[in-house]
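Visitor: Sequence:
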Amino acid sequence: MELDNNNHSVFLLYYHLVLVVKYRRRVFSDQMSQYAKDIFVRIGSSYKITLEEWNHDQDHIHIMFRAHPNTEMSKFINAYKSASSRLIKKDFPEVRHKLWKEMFWSRSYCLLTTGGAPIETIRKYIENQGR
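The numbering used here applies: residue 81 is where the sequence shown begins, and numbers increase by one.
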């Protein structure tokens, strides 16, 4: 097992995040998912977050990532949801037919630590979403 570290600590923190499209609208395509994934990687780097696994269904996404202990999860999630919502609606205008207000994501989200299950079990679960 390879551990992450910084100047004063060693850690291995995995999270499973589920984000749902507002009103559970079925708008996610493979292309939009890749776009949202790229935004996640870009924003995550400034929060010391490393993407491990990503998959989507038409109305939600599953993300497994690693983070540092001092990462403020709620700030990161809100930054990601705000930026991705704005950029997706700008670059995928067809979304406006199903989501006519400014919000793309539901206000709520699910964030789980993954210490209770082996990482491979969670990875396989995420890989099989939307199939």
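FYI, nobody ran anything at the bench for these hints, they're computed from the structure. Everything numeric in this text was worked out from a predicted model, so none of it was measured. Any given hint could turn out to be false.
27 Å max Cα-Cα, derived DSS-like pairs, lysine-lysine [as the list claims (entries may be wrong)]:
hint	residue 1	residue 2
1	K155	K169
2	K170	K181
3	K117	K169
4	K181	K102
5	K128	K181
6	K128	K178
7	K204	K117
8	K117	K181
So the derived label-pair ranges between C-beta atoms look like this [what the hints assert, rightly or not]:
hint	residue 1	residue 2	range
9	L93	K181	28 to 36 Å
10	K155	K204	14 to 22 Å
11	K170	G195	16 to 24 Å
A virtual CB, placed ideally from N, CA and C, is assigned to each residue, including glycine.
Visitor: For each hint, tell me whether it holds in the structure or not.
Guide: For each hint, the structure was consulted:
| no. | hint | in the structure |
| --- | --- | --- |
| 1 | K155 to K169 | holds, 21 Å |
| 2 | K170 to K181 | holds, 13 Å |
| 3 | K117 to K169 | holds, 15 Å |
| 4 | K181 to K102 | holds, 10 Å |
| 5 | K128 to K181 | violated, 32 Å |
| 6 | K128 to K178 | violated, 34 Å |
| 7 | K204 to K117 | holds, 18 Å |
| 8 | K117 to K181 | holds, 22 Å |
| 9 | L93 to K181: 28 to 36 Å | holds, 34 Å |
| 10 | K155 to K204: 14 to 22 Å | violated, 30 Å |
| 11 | K170 to G195: 16 to 24 Å | violated, 38 Å |
Going through the hint list in order, the structure does not satisfy hints 5, 6, 10, 11.
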